[in-house]
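One line per chain: the protein sequences are A and B, in this order. Every letter in the first sequence is one number past the one before it in the UniProt record's numbering, and letter 27, counting from 1, is 27. Every letter in the second sequence is one number past the one before it in the UniProt record's numbering, and letter 19, counting from 1, is 19.
It should be emphasised that the hints constitute simulated quantities derived from the structure, not laboratory data. By construction, the Cβ of each residue, glycine as well, lies at the ideal position given by its N, Cα and C atoms. Hints are supplied without guarantee of correctness; some may be wrong.
Below 20 Å or equal to it, Euclidean Cα-Cα: the simulated EDC-like pairs (lysine to aspartate or glutamate) are [claimed, not checked]:
1. B:246 x B:208
2. B:324 x A:13
3. B:159 x B:32
4. A:324 x B:9
5. A:319 x B:9
6. B:17 x A:315
7. A:159 x B:162
8. A:91 x B:208
9. A:17 x B:316
10. A:324 x B:78
11. B:17 x A:316
12. B:319 x A:9
13. A:319 x B:13
14. A:159 x B:9
15. A:319 x A:116
16. B:348 x B:360
17. A:324 x B:13
18. B:91 x A:78
So the derived list for chain B, only partly shown, Cβ under 10 Å to chain A, looks like this [as the list claims (entries may be wrong)]:
19. 8
20. 10
21. 74
22. 105
23. 108
24. 204
25. 218
26. 219
27. 306
28. 329
Below, each chain spelled out in residue letters.
There are 2 protein chains.
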Amino acid sequence: MSSNVISLDSINENIVKMEYAVRGPIPARAVELIGELKSGAKKPFNEVIRANIGDCHMMGERPNTFIRQVLSGCLNPEAAYNDPNLADDVKERIRLLLSYCGGRSVGSYSDSAGIEIVRRHVAEYIEERDGFPSNWRNIVLTSGASEGVKCLFALLNSKSSEGLPTGIMVPIPQYPLYSATISELGMYQISYYLNETNEWALDINELERALRESTSKCIPKAIVVINPGNPTGSVLTQENIAQIIKFARENNLLIVADEVYQHNIWKKDASFFSFKRVMNQIGVKLELASLMSASKGYMGECGVRGGYMELDNFDDQVKAIFMKQISARLCSPLIGQCAIDCVVRPPKEGDPSYEQYWNERKQVLASLKDRAELTNHTLNALPGIKSNYVAGAMYAFPCIELPPKAIAAAKAIGQEPDFFYVKQLLEETGICGTWFWIWSNSWYFSFSHDNLTTT
Amino acid sequence: MSSNVISLDSINENIVKMEYAVRGPIPARAVELIGELKSGAKKPFNEVIRANIGDCHMMGERPNTFIRQVLSGCLNPEAAYNDPNLADDVKERIRLLLSYCGGRSVGSYSDSAGIEIVRRHVAEYIEERDGFPSNWRNIVLTSGASEGVKCLFALLNSKSSEGLPTGIMVPIPQYPLYSATISELGMYQISYYLNETNEWALDINELERALRESTSKCIPKAIVVINPGNPTGSVLTQENIAQIIKFARENNLLIVADEVYQHNIWKKDASFFSFKRVMNQIGVKLELASLMSASKGYMGECGVRGGYMELDNFDDQVKAIFMKQISARLCSPLIGQCAIDCVVRPPKEGDPSYEQYWNERKQVLASLKDRAELTNHTLNALPGIKSNYVAGAMYAFPCIELPPKAIAAAKAIGQEPDFFYVKQLLEETGICGTWFWIWSNSWYFSFSHDNLTTT
Numbered sequence: 001m002s003s004n005v006i007s008l009d010s011i012n013e014n015i016v017k018m019e020y021a022v023r024g025p026i027p028a029r030a031v032e033l034i035g036e037l038k039s040g041a042k043k044p045f046n047e048v049i050r051a052n053i054g055d056c057h058m059m060g061e062r063p064n065t066f067i068r069q070v071l072s073g074c075l076n077p078e079a080a081y082n083d084p085n086l087a088d089d090v091k092e093r094i095r096l097l098l099s100y101c102g103g104r105s106v107g108s109y110s111d112s113a114g115i116e117i118v119r120r121h122v123a124e125y126i127e128e129r130d131g132f133p134s135n136w137r138n139i140v141l142t143s144g145a146s147e148g149v150k151c152l153f154a155l156l157n158s159k160s161s162e163g164l165p166t167g168i169m170v171p172i173p174q175y176p177l178y179s180a181t182i183s184e185l186g187m188y189q190i191s192y193y194l195n196e197t198n199e200w201a202l203d204i205n206e207l208e209r210a211l212r213e214s215t216s217k218c219i220p221k222a223i224v225v226i227n228p229g230n231p232t233g234s235v236l237t238q239e240n241i242a243q244i245i246k247f248a249r250e251n252n253l254l255i256v257a258d259e260v261y262q263h264n265i266w267k268k269d270a271s272f273f274s275f276k277r278v279m280n281q282i283g284v285k286l287e288l289a290s291l292m293s294a295s296k297g298y299m300g301e302c303g304v305r306g307g308y309m310e311l312d313n314f315d316d317q318v319k320a321i322f323m324k325q326i327s328a329r330l331c332s333p334l335i336g337q338c339a340i341d342c343v344v345r346p347p348k349e350g351d352p353s354y355e356q357y358w359n360e361r362k363q364v365l366a367s368l369k370d371r372a373e374l375t376n377h378t379l380n381a382l383p384g385i386k387s388n389y390v391a392g393a394m395y396a397f398p399c400i401e402l403p404p405k406a407i408a409a410a411k412a413i414g415q416e417p418d419f420f421y422v423k424q425l426l427e428e429t430g431i432c433g434t435w436f437w438i439w440s441n442s443w444y445f446s447f448s449h450d451n452l453t454t455t
Numbered sequence: 001m002s003s004n005v006i007s008l009d010s011i012n013e014n015i016v017k018m019e020y021a022v023r024g025p026i027p028a029r030a031v032e033l034i035g036e037l038k039s040g041a042k043k044p045f046n047e048v049i050r051a052n053i054g055d056c057h058m059m060g061e062r063p064n065t066f067i068r069q070v071l072s073g074c075l076n077p078e079a080a081y082n083d084p085n086l087a088d089d090v091k092e093r094i095r096l097l098l099s100y101c102g103g104r105s106v107g108s109y110s111d112s113a114g115i116e117i118v119r120r121h122v123a124e125y126i127e128e129r130d131g132f133p134s135n136w137r138n139i140v141l142t143s144g145a146s147e148g149v150k151c152l153f154a155l156l157n158s159k160s161s162e163g164l165p166t167g168i169m170v171p172i173p174q175y176p177l178y179s180a181t182i183s184e185l186g187m188y189q190i191s192y193y194l195n196e197t198n199e200w201a202l203d204i205n206e207l208e209r210a211l212r213e214s215t216s217k218c219i220p221k222a223i224v225v226i227n228p229g230n231p232t233g234s235v236l237t238q239e240n241i242a243q244i245i246k247f248a249r250e251n252n253l254l255i256v257a258d259e260v261y262q263h264n265i266w267k268k269d270a271s272f273f274s275f276k277r278v279m280n281q282i283g284v285k286l287e288l289a290s291l292m293s294a295s296k297g298y299m300g301e302c303g304v305r306g307g308y309m310e311l312d313n314f315d316d317q318v319k320a321i322f323m324k325q326i327s328a329r330l331c332s333p334l335i336g337q338c339a340i341d342c343v344v345r346p347p348k349e350g351d352p353s354y355e356q357y358w359n360e361r362k363q364v365l366a367s368l369k370d371r372a373e374l375t376n377h378t379l380n381a382l383p384g385i386k387s388n389y390v391a392g393a394m395y396a397f398p399c400i401e402l403p404p405k406a407i408a409a410a411k412a413i414g415q416e417p418d419f420f421y422v423k424q425l426l427e428e429t430g431i432c433g434t435w436f437w438i439w440s441n442s443w444y445f446s447f448s449h450d451n452l453t454t455t
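Bound-form chain A, shown alone (with noise of 0.2 Å):
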């Protein structure tokens, strides 16, 4: 017996069971390989391939310069102001973002919800993209989109009279953190599955079979919809978006829409629409958080935390208690605030740093479009594996077909084939993929080629 006082079978047994494959034995054994590696270790590589996560400054992507200039700047403003090589625009935004500070410094809390005139920003950012009025007062700034949906999602936990948890409708595949916070908080997922034969597209059928079949398991509140996909890397069209918010409605569901992937699109004749665009375009109000980060698109700023969230047409009472839940926390990064700043509001032609902003950004996408078709050519080109177009973000989600040995060999070192070969394939190639899946005797795992090279 432990002498500890907190003992795992003390503990939170959701925080026990929860999973969460991104950062899971794969991604682990990988830092072991590095650390091998390092070591002077003889493996059958000479690299680790991280493609659990889309991670692209990991991954050697250079940082844009705008963005840093002003970040750096808002950290140490009178070096930034007295330093002639830094170009007008740059100190203005410093100005403007240390204004709206208190004490003019990022050292200070900014309020729960985020520096009054990022949130304006935001706001107009969104107003420009879908061409729908957007008000800042639903404009939460988050440490990341993560933070938003695990405050939401606690939000909207709660038990019916009957003891029912509450249901968020998720797809599968899916980014885990709605999985993992789902079981952290004890709420019941209801898994749709997305239709592999249609470019991982959803399907209406499949959502009412999915929200039927969890009747007397939870009340259901929720659908979450990732566009572009991750881990499919699917682009959904605006009818599809249409049909998905006529099925919200229809059965009361709050949609959060996890479209920080916005800027990521690759197919030709693919668009990026927002859930808020469609919505207004066929006329309905429907509660909806959509969910954006400085993390992914050309940016790639994962470290710096800054996300945020927009709540369309919340009750106001639900708002105001949302606003005073996520006080607990004081306030996002200030840091990420003001990257998220920058995305919502990059330079303007005209700017002194229009030039250099937008083919730094131009460059880093067309790489990114350049890796997305190396994926989809060299994945299907190769025996037993196929995927579908990368159309959008960054990720692969190939369907592996296993050999009947590969199978036996899994259950005879007693796990999953799946497991096995994810496990396999790192071992023998230092690719680190992750979010390996089974279904219908076809095995899949994630892949994010934001890690690849095309040299």
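With the hints as your guide, set chain B onto chain A.
Coordinates of chain B only, in the frame set by chain A:
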């Protein structure tokens, strides 16, 4: 009836009920008053003094130059390396920190527990401070101290087989983060009262009373101690800490030591003793979570959201679960992590930044000390108000005798007398206090003295 899917009666009732006074109606009214003053409204005061929260930079404290040069340089390293005005130790620190970041960028994710070198530096700092070993693998870098508390409480949160909630012992008066988190998670708060007549020390009889009375209501798992005290301004003696440790051992409690004010000691002959140090001195081995932050001390860098938690003597399996739990939020902001690095590893004698760093640090601490003494004198010189000596931290928690007429006036408009007093104080003088509290017919409110000016 609301047409909304999500309404007040369908959301998490724990969050609906949760209170967080630091950001409640009084601070909200203060923000309105600032707006009214700006629009030219006539008030009995010219400015609002925000004494509701310790937010030094907001009140004009200047950031520490060394810290800001490092943080700024981490975001724009090329410019920093080429800057002839930047000292070599600043450049070296930037190089060192970035060499531990993926792709040498603070835009990449760190490990969930934080950047390895920063965790190592934190452990070295603790060892040097206390004279006892610290293992860097027990250090978790968090988004301010608040995030550590929230994650730890969530981990502890479970129901017994009889359905009893987890109980956490919390001092009264306390910092409202604790009550808010307990309330949000549906845990049970075991309130113990600090001893006002003994400089707000912890009275072991009172701890025993509180624990005894909680039997049958919860399963007690942890005791929170805030030292130096927030909002009491007390500094615990070594003896008192030893008593508390023995109490925790006898009653199988994890100790949560909120030690974020460890640099803020004002009283002559008072010293900061960490729980870790005293525990080792008296030879007790007990689970201890100790919290530190970059937001207070002489740094005041609230907005970067930097903090750490040391998990001492935890069961290995529990620690592994905790590490999994925090992985879903990916990592804390890297700039906050770098700020913690500067805090735990300031320039050493002989380093080019040494003198300026220490001068600035001394100056800020001396000024805070002056303001603590000003608070001591002024409050106790006012009729009907008495305050314990502000020995540390940044707060006073004065006791106010309200005259019967004031109590009657409050009741007449349906307000509690404490709320009434703090509201009138704000409306008539512009001073925004908070955490008002009624006890034994006396009223208290907390008052953050970093907001005073001594001129």
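Checked hints:
{"no.": "1", "hint": "B:246 x B:208", "verdict": "12 Å, holds"}
{"no.": "2", "hint": "B:324 x A:13", "verdict": "13 Å, holds"}
{"no.": "3", "hint": "B:159 x B:32", "verdict": "42 Å, violated"}
{"no.": "4", "hint": "A:324 x B:9", "verdict": "16 Å, holds"}
{"no.": "5", "hint": "A:319 x B:9", "verdict": "13 Å, holds"}
{"no.": "6", "hint": "B:17 x A:315", "verdict": "17 Å, holds"}
{"no.": "7", "hint": "A:159 x B:162", "verdict": "19 Å, holds"}
{"no.": "8", "hint": "A:91 x B:208", "verdict": "59 Å, violated"}
{"no.": "9", "hint": "A:17 x B:316", "verdict": "16 Å, holds"}
{"no.": "10", "hint": "A:324 x B:78", "verdict": "41 Å, violated"}
{"no.": "11", "hint": "B:17 x A:316", "verdict": "16 Å, holds"}
{"no.": "12", "hint": "B:319 x A:9", "verdict": "13 Å, holds"}
{"no.": "13", "hint": "A:319 x B:13", "verdict": "14 Å, holds"}
{"no.": "14", "hint": "A:159 x B:9", "verdict": "11 Å, holds"}
{"no.": "15", "hint": "A:319 x A:116", "verdict": "17 Å, holds"}
{"no.": "16", "hint": "B:348 x B:360", "verdict": "14 Å, holds"}
{"no.": "17", "hint": "A:324 x B:13", "verdict": "13 Å, holds"}
{"no.": "18", "hint": "B:91 x A:78", "verdict": "18 Å, holds"}
{"no.": "19", "hint": "8", "verdict": "5 Å, holds"}
{"no.": "20", "hint": "10", "verdict": "7 Å, holds"}
{"no.": "21", "hint": "74", "verdict": "8 Å, holds"}
{"no.": "22", "hint": "105", "verdict": "4 Å, holds"}
{"no.": "23", "hint": "108", "verdict": "4 Å, holds"}
{"no.": "24", "hint": "204", "verdict": "18 Å, violated"}
{"no.": "25", "hint": "218", "verdict": "13 Å, violated"}
{"no.": "26", "hint": "219", "verdict": "8 Å, holds"}
{"no.": "27", "hint": "306", "verdict": "9 Å, holds"}
{"no.": "28", "hint": "329", "verdict": "5 Å, holds"}
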